[in-house]
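Visitor: Residue numbers (my numbering), protein chains in the order written: chain A, 1 to 313; chain B, 314 to 577.
Please note that the accuracy of each hint is not assured.
[Unchecked claim] Reference listing, derived: stretches of chain A covered by chain B, where coverage requires no fewer than 3 residues with Cβ under 8 Å from a Cβ of chain B:
(1) 85-99
(2) 177-184
(3) 265-279
(4) 296-302
Read the hints as simulated data drawn from the structure, not as lab findings.
All values derive from a computational prediction rather than experimental measurement.
Glycine included, each C-beta is placed from N, C-alpha and C at the ideal position.
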Amino acid sequence: MIRCLIYIDPSETESSLDLIEAARQLHGDAFEVTGVLCSALDQTLPNVFDRLMLVAYPANGCIDPAQVADTMQALHWKDKFQSILIPATPFGRMLAPRLAMLLGTGLVADITKIRRTDEGVVVIRPAYSGSLMACIRFIGDGPMMMSVRPNVFRDMVKEERTMRIETLQPRTNGVGIEQIEVRPKQSSYDIRESEVLVSGGGGIAKSFAKIERLAELLGGKAAASRKLVDAGVAPRSIQVGQSGKTVNPELYIALGINGAIQHIEGIKGAKHIISVNINKDAPLTSLSDIVVEGDADRFLDQLIRRIQQHKSE
Amino acid sequence: MKLICLVKFVPDVGSAKYDFERHTLIRDSAHLQLNPDDVCAVAFALRIKARHPETIVEAVTMASAKVTPNMEDLLRVGVDRGVILSDPAFAGSDTFATTRVLGRYLSRQDFSVLLTGTHSIDGDTSHIPAQLGASLHLLQMSGIQKIDETLFEQNIARFDVESEQEITTYQTQLPCILSLTRESGYKLPYASRTNLEKDFSAQIQVVTNQELGFLPEEVGLTGSKTRVIETYVKRLEQREQRTVRADEAGVDYVFRFLADKGFI
Ligand SMILES: Cc1cc2nc3c(=O)[nH]c(=O)nc-3n(C[C@H](O)[C@H](O)[C@H](O)COP(=O)(O)OP(=O)(O)OC[C@H]3O[C@@H](n4cnc5c(N)ncnc54)[C@H](O)[C@@H]3O)c2cc1C
Ligand SMILES: Nc1ncnc2c1ncn2[C@@H]1O[C@H](COP(=O)(O)O)[C@@H](O)[C@H]1O
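Only chain A is shown next, with the shape it has when bound in the complex (with noise of 0.2 Å):
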């Protein structure tokens, strides 16, 4: 039987249960996946693993990568798997590497497809900061790793297992890390939770708080392309693109942005894409369902005039 472990990451439960479908694509439909959790959940997970491997840390969880790599390493030693998928999220980006470390096995980061050959499986990730999309093949005993962008394989409705659930002490205590404080960052969204999103680039830096208001009109949440971000206009959180977040909302509004392929590549998804750009052969033009020639601001300003007129009659 084929196996393949999936690292599931407390702070993004829901794309680490999506890697199941990337399980899916990478082994057919005829294989056996382990999941390992090393934190308590404050939600139970649905049967969709056959085996879910509780890890016993402090309630408070793990917060030290090299303990959980110790632990999976050991797992694999017992259980041999085929491929061996983690989240593309901060705590998985540092887990990963380490892990492949461990094992002399390849890694590949951040994919986004996967496809099956003849002569094997090959796996296609952004690199450049986007531009370009490489195809990479492992080479050598495996297994196959490979970290997965959160929320690109999307999976609505998922085959359910027979789940044995099996505790499993952790093998090291680590180097010694504490933390020492936390401290929330004041007004944070997720975009990627958002609906609609109404998003600003280089064209209309001055005029951000317009954008924020026919979100909010529109019951959305504004996002930005990285100039904004790098700009310092909209923070770093908010951010779409590569080197950003991939969302997938109904509606997204573009506001003067170009359509670097580095953006592009985080929308794909969206349902419906309006674009306002002065340029109106800008490349996010042509994803778009509706295309507004013109500037982006006066635009905001009649078409905020109009929603608010109508809300009012």
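Given chain A's structure and the hints, the job is docking chain B with the ligands onto it.
Guide: Same frame as chain A, now just chain B with the ligands:
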């Protein structure tokens, strides 16, 4: 105290040319710059040196010897020593093979801390620092925005990592691997006028495989565990679309579209 900074000189991604036949970047066509995250790692090391002049800062890169002028620029702003791990045998290394080479050199050095970037803007895997953590048995943390300079002098690393919702402060003992992000905002000092003219070549050491002693199959393309077999530039799918102007009629069209689809 000796601080080693791992640095990578990367093409300015916007202007680089890519050889699609050979799946490599035509590096000569691109202006090389110090990877943005690494700028912050070196800048932090130099801050420590400014407080404690006896500190030795060494910058290490695995690269073609062509990066020598870039390395010299780092010496001009205050780095004490530059090391370039360079050998034809290393060419084509994936992150596994790169880590092997860097790891062997580093395992023979005495240092208080390894400072690195979190990710490079070209390969952009974020693998190297964490893989080195495994091979050197050191704690490694990515995404660091701030390091406490006063505690650092007592061999304590206390640092902030910023995530989506929160800022977390961690503490650990040196030695360890600390990977900074460009959001930390640490900036390199300017070179002094005398340094601008000085010849720094004596402070740069090129280390070849003669010294590191790998078998050919352990490193380079043959020692790699992943291989890039093809690259392509993404094409966009065309949607059925309509172009309007940003005037009253255009705004009305958009308004009706939004209303029809239930967004208003
Ligand atoms: C298109 C493409 C895709 C690739 N995909 C993969 C892949 O999925 N998996 C894989 O294993 N390899 C991959 N590689 C190979 C990989 O990019 C190289 O091994 C690369 O030189 C090192 O990784 P990085 O640039 O991703 O560095 P990162 O790990 O992103 O760099 C993080 C930090 O490590 C330090 N560092 C990185 N490289 C060096 C160096 N040479 N010398 C000193 N310090 C350094 C720096 O401090 C840097 O800030 C790919 C290469 C290409 C061209
Ligand atoms: N006033 C404006 N209204 C709408 N689009 C604009 C305006 N000014 C510039 N742009 C566009 O905004 C984009 C800026 O792109 P970038 O530099 O990638 O952020 C380009 O596509 C410009 O054509």
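Visitor: Counting residues of the region 265-279 of chain A with a beta carbon closer than 8 Å to any beta carbon of chain B, are there 3 or more?
Guide: It holds, with 5 qualifying residues against the three required.
Visitor: If you look at each residue in the region 177-184 of chain A, do at least three have a Cβ nearer than 8 Å to any Cβ of chain B?
Guide: holds (count 8)
Visitor: Does the region 296-302 of chain A contain three or more residues whose Cβ lies closer than 8 Å to a Cβ of chain B?
Guide: holds (count 4)
Visitor: Test coverage of the region 85-99 of chain A by chain B using CB-CB distances below 8 Å; three residues minimum.
Guide: holds (count 8)
Checked against the numbered hints above, the structure breaks none of them.
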